[in-house]
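**Q** We have chain P already, so just place chains W and V with the ligand on it with the hints.
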Amino acid sequence: MAQNKQTPLIFEISQPGRKGYSLPPCDVPEKEVSELLPADFLREKPPLLPEVSELDTVRHFTRLSQRNYGVDAGFYPLGSCTMKYNPKVNEVVSRLSGFLHVHPYQAEETVQGCLQIMYELDRMLSEITGMDRFSLQPAAGAHGELAGLLAIKAYHTARGESRRTKIIVPDSAHGTNPASAAMAGFEVIQVKSNAQGGVDLDSLKAAVSPELAGLMLTNPNTLGLFDENITEIAEIIHAAGGLLYYDGANANAILGIARPGDMGFDVVHLNLHKTFSTPHGGGGPGSGPVGVKKDLIPFLPKPLVEFRDGKYYLDGDLPLSLGKVRSFYGNFTVMVKAYAYILSLGAKGLKEVSENAVLNANYLLQKLKGLFLLPYDRICMHECVFSGQNYHSQGVAVLDIAKRLLDYGYHPPTIYFPLIVQEALMLEPTETESKETLDEFIAALKAIVEEIQTDPELVRSAPYSTVVQRLDEAAAARHPKLRWQPETNK
Amino acid sequence: MSRYISNTALQQEEMLKEIGLNSLEELFRDIPKEVRLKQNLNLPEALSEMDLLKHLKALAGRNNNLEDNICFLGAGVYDHFIPSVIDTLISRQEFYTAYTPYQPEFSQGTLQAIFEFQTMMCELTGMEISNASMYDGASALAEAMLMACQAVKRDEVLVASSVHPESREVLKTYARARGIKVKEIGFINGTLDLEELKSAISSATAALLVQYPNFLGAIESLPTLAEIAHNNKALFVVSADPIALALLKSPGECGADIVVGEGQSLGNPLSFGGPHLGFFCATEKLLRKMPGRIVGQTTDKKGRRSFTLTIQAREQHIRREKATSNICSNHALNALTATIYLTLLGKEGLKEVAYLCLQKAHYAMEQITKLPGFDPLYTAPFFKEFAVKTPVSPEDLNANLLESKIIGGYPLQKVYPELKNTWLLAVTEKRTKEEIDLLVEKVGGK
Amino acid sequence: MNIPKNLKYTSSHEWVRIEGNTVFIGITDYAQEHLGEIVFVELPEVNDEVTKGAPLAVVESVKAAADVYAPLSGTVSEVNEALLDNPELVNQDPYENWIVTLEISNPAEIEDLLDPAEYEKVCEQEE
Ligand SMILES: Cc1ncc(COP(=O)(O)O)c(C=O)c1O
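Residue numbers (the numbering used here), protein chains in the order written: chain P, 1 to 490; chain W, 1 to 446; chain V, 1 to 127.
Take the hints with a grain of salt, since some may be wrong.
The calculated lysine-lysine pairs, modelled on DSS-like cross-linking and capped at a C-alpha distance of 30 Å, are [claimed, not checked]:
{"id": "1", "chain 1": "P", "residue 1": "LYS311", "chain 2": "W", "residue 2": "LYS54"}
{"id": "2", "chain 1": "P", "residue 1": "LYS446", "chain 2": "W", "residue 2": "LYS301"}
{"id": "3", "chain 1": "W", "residue 1": "LYS38", "chain 2": "W", "residue 2": "LYS57"}
{"id": "4", "chain 1": "W", "residue 1": "LYS153", "chain 2": "P", "residue 2": "LYS166"}
{"id": "5", "chain 1": "W", "residue 1": "LYS389", "chain 2": "W", "residue 2": "LYS442"}
{"id": "6", "chain 1": "P", "residue 1": "LYS435", "chain 2": "P", "residue 2": "LYS348"}
{"id": "7", "chain 1": "W", "residue 1": "LYS289", "chain 2": "P", "residue 2": "LYS45"}
{"id": "8", "chain 1": "W", "residue 1": "LYS285", "chain 2": "V", "residue 2": "LYS63"}
{"id": "9", "chain 1": "P", "residue 1": "LYS367", "chain 2": "W", "residue 2": "LYS17"}
{"id": "10", "chain 1": "W", "residue 1": "LYS249", "chain 2": "W", "residue 2": "LYS172"}
{"id": "11", "chain 1": "W", "residue 1": "LYS420", "chain 2": "W", "residue 2": "LYS172"}
{"id": "12", "chain 1": "W", "residue 1": "LYS285", "chain 2": "P", "residue 2": "LYS481"}
{"id": "13", "chain 1": "V", "residue 1": "LYS52", "chain 2": "P", "residue 2": "LYS446"}
{"id": "14", "chain 1": "P", "residue 1": "LYS45", "chain 2": "W", "residue 2": "LYS351"}
{"id": "15", "chain 1": "W", "residue 1": "LYS33", "chain 2": "P", "residue 2": "LYS367"}
{"id": "16", "chain 1": "W", "residue 1": "LYS17", "chain 2": "P", "residue 2": "LYS348"}
{"id": "17", "chain 1": "W", "residue 1": "LYS405", "chain 2": "W", "residue 2": "LYS442"}
{"id": "18", "chain 1": "W", "residue 1": "LYS38", "chain 2": "P", "residue 2": "LYS348"}
{"id": "19", "chain 1": "P", "residue 1": "LYS369", "chain 2": "V", "residue 2": "LYS63"}
{"id": "20", "chain 1": "P", "residue 1": "LYS192", "chain 2": "V", "residue 2": "LYS52"}
{"id": "21", "chain 1": "P", "residue 1": "LYS311", "chain 2": "P", "residue 2": "LYS293"}
{"id": "22", "chain 1": "W", "residue 1": "LYS249", "chain 2": "P", "residue 2": "LYS166"}
Computed beta-carbon distance windows for the label pairs [to be verified]:
{"id": "23", "chain 1": "W", "residue 1": "LYS38", "chain 2": "P", "residue 2": "SER162", "range": "33 to 41 Å"}
{"id": "24", "chain 1": "P", "residue 1": "ASP295", "chain 2": "W", "residue 2": "LYS414", "range": "28 to 36 Å"}
{"id": "25", "chain 1": "P", "residue 1": "PRO25", "chain 2": "W", "residue 2": "ASN400", "range": "30 to 38 Å"}
{"id": "26", "chain 1": "V", "residue 1": "GLU111", "chain 2": "P", "residue 2": "ARG159", "range": "42 to 50 Å"}
{"id": "27", "chain 1": "V", "residue 1": "GLU126", "chain 2": "P", "residue 2": "LYS45", "range": "50 to 58 Å"}
{"id": "28", "chain 1": "P", "residue 1": "SER465", "chain 2": "V", "residue 2": "GLU120", "range": "39 to 47 Å"}
{"id": "29", "chain 1": "W", "residue 1": "THR88", "chain 2": "P", "residue 2": "GLU436", "range": "26 to 34 Å"}
{"id": "30", "chain 1": "W", "residue 1": "LYS153", "chain 2": "P", "residue 2": "ARG159", "range": "41 to 49 Å"}
{"id": "31", "chain 1": "V", "residue 1": "GLU81", "chain 2": "P", "residue 2": "GLN422", "range": "34 to 42 Å"}
{"id": "32", "chain 1": "P", "residue 1": "GLU12", "chain 2": "V", "residue 2": "GLU126", "range": "22 to 30 Å"}
In short, the hints are calculated from the structure, not lab data. Just so you know, even glycine gets a beta-carbon here, dropped at the ideal spot from N, CA and C.
The shape of chain P in the complex, shown without the other chains:
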C-alpha cells in the first residue's frame, strides 16, 4: 500500500470522446429508434457515466486496489470473519466455461454437471454438520438465518402451532441474529450470558414459554467459547416445543470434531465464505446454505436438487416449502469453490483445519494474556476475545490500538464486538497462518503496548502510514455525501 497520492474519482478523469470499449457494428438492418420506441419513453438526459480509455480504467482500478489490503498480502485476524487463505485452484475451477457461462433456465439435461455439484455439496455439508438436508439458496449468513427461521416458522405453522412467535437470542449473538428474527416476523427475547460466557440457564428457563418458536445459538459463541451446557440447553428448548438454530459462522472450530446435528440443533447455516475458504470479495458475494433435520426438510426453500434414474433434476414441487428467498438456486460459483475445497481436504484435512485454527487461537490467547484483560480465562476455540479496558487510564481505547496496528502492516482484529465485552478485541488467526506470522503479530502488539506506556499520544493519533489518516466519521454521517456531483466537486 504505497499509494499515498489521492486518487481522483473516475468521473474526474473523464474526457469527452474517450472510450474504453469496442463493439461490433450493427449487422442487422437498422431502423430509427423513434420507429421502435415511443418518443415519450426515450431518455433525453444521458446518465453521467465516465468517458475513459481502457488504460485509464486499468490504471484507475489498479490504483484503487493499491489502497486496499487483502489476505494474500498479510495477516487479517478479523474475528468472526474467518479470513483464511483462499486457494487459487478454486478460482481456476469456478471459472471454467461450463460453470461460468451457464444459464439457470437451461434444460436440466444440459446442466447435469452443475446439478451434480449442488447435490453432492448438500450431502457433504449434511455429513459435516450432522444434518439431513441442505438448501444452497441463501446468498450469505444473514440470508441463511432468515431462511432457517422461516423454515422453523413454517414447521410450527404446519403443526398448528402458529402461536409460537418468540425467538430467544443470547446477548452475545451477532447483530444479524436478532435482525433476521425480526425480518422473519418473530419477537426477539434476549437472554444473558453467564460468568463462563455461555448461556445463563436460569435466564433461559425463565424465557421459555408456550409461545417459544426457538433459540438461535452460535457454538462456539462469539466469545470463541464452546457452551458446555449445550445438551441441557437443547433439552430446555425442545421440552418447551422450540427448535434450535445454529449460527454456523464459527464452524471453523468444529470440522470433524463435533457436529451441530449431534448437539441437538435442528437448523444450521454455514458461511461458505468463512469456513469453506471462498474469498470475501471486499464484502461479498458469500453463500449461506441452510441445513435441517429430517422433520424440517419439507419446509426448505425450493427447488431442491434430486437424483433419480441416473439424472439430477430440480424439484420445485414442495407444497410446504417456505418459498424462495432469492432468484434461482444460490451463488453457484461460490458453491463450486467450497466443493473443490472440501474435495481437496477430505475428512482428515478438514479436521486439521479445526485443530490448527484452535491451536493458533489458543497460542494467541496464551501469548497476549499479559497484555490485555481476559474476561473469560479458559481454553478458547477458533478465536479469542480480550478487553482493552486496561489502557483506559492512559486514555487509549481499543480503537486506537486497532489503528496503530495498521501502521505495523496488519489488518486489526474485530473491535467492539461482542457487545457484552467492554472494549472488546476479537482475534481469529485461522488455521492457515504459521507460528512465525503469529509471533510477529504478537511482537507488534507488544510494541504498541510499550508505546502506550511511553507515548500514548502516538497510539491515540495513529495511523500515520496509511493512504489516509483517521476520518471524520461524524461529519460523514451528519452531512451525508453519498455520490459524486459534477457541480460541487469539479
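**A** Chains W and V with the ligand in isolation, oriented as in the chain P frame:
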C-alpha cells in the same frame, strides 16, 4: 498436513507446550464427550490438485455452456458481452481477498469503488441515493417492499404479475413473514391493467411495484403508474434493467420513489444463476430507512478526501432487531464488476449496447413472425426481449434447437398457465444477424 | 457530570422540565457523553400521542443508536427542528437543547420521575 496449513508438526508441539497442553485433543476438552464426533467424517478421499482439476473439468464438461452455444434465453439473466479487463481487475487480491471495509484507512480502494458505484447507479436510475449492493434483484425488490411499508406505515402492496416470477415469489416469502398482504395486478397486451390497478389501489396500499421492461419484455408507461400510486399516497417502486436505462427514461424522471434491479447484465457472468447483484436506489427522504451498507465521503485528519461506511445506525450490528434489514455481507465484488463495466462502456458505450440490443431484438421479432404460425404475443413496445405465439410447443422447439447448439427461449406457460404456446426470446448485442437467421431457419424447419 | 437540580430524570437517561401542563424532554449529559458524537436525531410528528415508556425519538451517534423513551404520557406539541440540521447541539448543551415537548395527559405520573440525587445514583451504578 494439507498444503493450506503452514504450521509444521514440530511447531504444533512448540505451541501446545507454550499453551500448557500435551495434545491437540486437549484443545477440545470443553466440548462434552457426548457431543464429540466419535468417527471420521464420511467424505470422499482428498484429491490432489491434478485430480481435482480433472474431476471438475469433467463436471463442467457435462454442462452446455454459452461459449459453445447460441443463447436466446433471457428471462432475467442475460448473455451480454463481458470485456476482458473486468476479470483481470476484480481478481486483484487486494479487492478479492479483503472483507467489508470496516477499517477505512486500509480499505479506501473498496470504499471509493463503492462510492463510484453508488454515483453510477444514481445516474442510471435517476435517483438521489444508492446503497452498496444487495444479493440480487429479487431480494432487493423484497427489501424495497419492506422499506415502503415501514415508510408509509401500511401493510399491503400491489405487484404487477408481469414482474419476474422469481421476484414475486421472493416478495411473497418476505411479505408472509411480516404479515404484509400482496395483491397481484394482471396485464393487458403485456402491460399493467390500469382498470384493475385503479380498483385495487386504496388508502391501505403502501406501494405499487412494477418491472421495467417487465418479464414479458414489454415497457410499462411509468409516469401514469407513478401518478396513480402517488394519488393514493403509496410509494412507486420500479425494478429496472440497467442496460435499458441507457435508452429509456429513468424511473426517477418518471416519479419512482425506490428503484431496484438485477445488475447481472453489467459485466457479471450468468454463473447458473449467481452470484449476481442487486442494486437499491431511492429518494433522499428515505435514507434512514435504507437496507444495507452505504458509503459516504468525508475528510481525514489532514483534510484529504476519503470514504467510509456511513449512516450505520440503520444496520444490524447497531440496531439489532430494530435494524432496517438483516443484511451484512452483500455482493461487493459483483458491484465492483458493474462499476468497472460501466466505466469501460461509459456514457456512449452503454447507449451503444442498448441500441444494438434494441435493433437486433426487433430484427429477430420481425423475422421470426414472418414464419407461419409465429405471431407477436403483444404489440406493446419492447427493448431486448419479446414474446411470440408459436404453432407448436416451445419445449419442442427448444429441444430441436439444442441439436443445432442453440439455446431457445423461455416457455411462458411455465409461470402463466394461460399463455400456452408462447415463447419469450432475448436478443443481446452478442447475437449476430447470422445467428438470428439461423434461429429463424431452424425454427422454420427448413 | 452535569445533573441540574431543577430537572426531573428517568433511569433511561431522559431529563424532564415541567412547565405547567407542558414538559420539555431531552437526554442527559451522561447519555450524550456515552453516545459520543451525535449525528442524527429522529423526531416524532407533532400531535403524536405517546404513553409513558414508549419510544419517542431516536438519537444516533456514529457507532450507536439510542431510543428516547417518553418519560410521561401525552401528546407531542413541539419538536426541536434545529436538531435536524445540527444534531451536535445535543452534545454541546444537552439541557438547553430539548428534543420534544409534550402536553401531558396524566400528571400523576410525575411522581414516578427521579430527582437529581436519585438519578446520580443510577449513573454511578452504571459506571
Ligand atoms: C457470528 C456471525 N453470524 C452471522 C454473520 C452474518 O454473515 P453474513 O455476513 O454472511 O451475512 C456473521 C458475519 O460476520 C457472524 O460473524
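**Q** All hints are to be evaluated individually against the structure, with a verdict given for each.
**A** Now the hints, each set against the structure:
1. P:LYS311 with W:LYS54: Holds - the C-alpha atoms of LYS54 (chain W) and LYS311 (chain P) are around 21 Å apart, at most 30 Å.
2. P:LYS446 with W:LYS301: 26 Å, holds
3. W:LYS38 with W:LYS57: Violated, because 35 Å separates the two Cα atoms, which is more than 30 Å.
4. W:LYS153 with P:LYS166: 23 Å, holds
5. W:LYS389 with W:LYS442: Given pair LYS389 (chain W), LYS442 (chain W) holds - Cα atoms ~16 Å apart, limit 30 Å.
6. P:LYS435 with P:LYS348: 21 Å, holds
7. W:LYS289 with P:LYS45: Answer holds: LYS289 (chain W) to LYS45 (chain P) is near 29 Å, not above 30 Å.
8. W:LYS285 with V:LYS63: Holds - the C-alpha atoms of LYS63 (chain V) and LYS285 (chain W) are around 22 Å apart, at most 30 Å.
9. P:LYS367 with W:LYS17: 12 Å, holds
10. W:LYS249 with W:LYS172: 29 Å, holds
11. W:LYS420 with W:LYS172: Distance ~25 Å between LYS420 (chain W) and LYS172 (chain W) Cα, so the pair holds.
12. W:LYS285 with P:LYS481: Judged against 30 Å, a Cα distance of about 14 Å means the pair holds.
13. V:LYS52 with P:LYS446: 51 Å, violated
14. P:LYS45 with W:LYS351: Cα-Cα ~12 Å, so holds.
15. W:LYS33 with P:LYS367: 28 Å, holds
16. W:LYS17 with P:LYS348: 23 Å, holds
17. W:LYS405 with W:LYS442: 11 Å, holds
18. W:LYS38 with P:LYS348: 14 Å, holds
19. P:LYS369 with V:LYS63: It holds: about 28 Å lies between the C-alpha atoms, which stays within 30 Å.
20. P:LYS192 with V:LYS52: Given that 30 Å is the threshold and the Cα spacing comes to 26 Å, the pair holds.
21. P:LYS311 with P:LYS293: Satisfied, since the Cα-Cα distance of roughly 25 Å is no more than 30 Å.
22. W:LYS249 with P:LYS166: 46 Å, violated
23. W:LYS38 with P:SER162: 33 to 41 Å: 39 Å, holds
24. P:ASP295 with W:LYS414: 28 to 36 Å: Between ASP295 (chain P) and LYS414 (chain W), where Cβ atoms are some 31 Å apart, the hint holds.
25. P:PRO25 with W:ASN400: 30 to 38 Å: 31 Å, holds
26. V:GLU111 with P:ARG159: 42 to 50 Å: 48 Å, holds
27. V:GLU126 with P:LYS45: 50 to 58 Å: 55 Å, holds
28. P:SER465 with V:GLU120: 39 to 47 Å: 45 Å, holds
29. W:THR88 with P:GLU436: 26 to 34 Å: 32 Å, holds
30. W:LYS153 with P:ARG159: 41 to 49 Å: The hint (41 to 49 Å, Cβ to Cβ) is violated, given that LYS153 (chain W) and ARG159 (chain P) are roughly 33 Å apart.
31. V:GLU81 with P:GLN422: 34 to 42 Å: 36 Å, holds
32. P:GLU12 with V:GLU126: 22 to 30 Å: 49 Å, violated
Checked against the numbered hints listed earlier, the structure breaks hints 3, 13, 22, 30 and 32; every other hint is satisfied.
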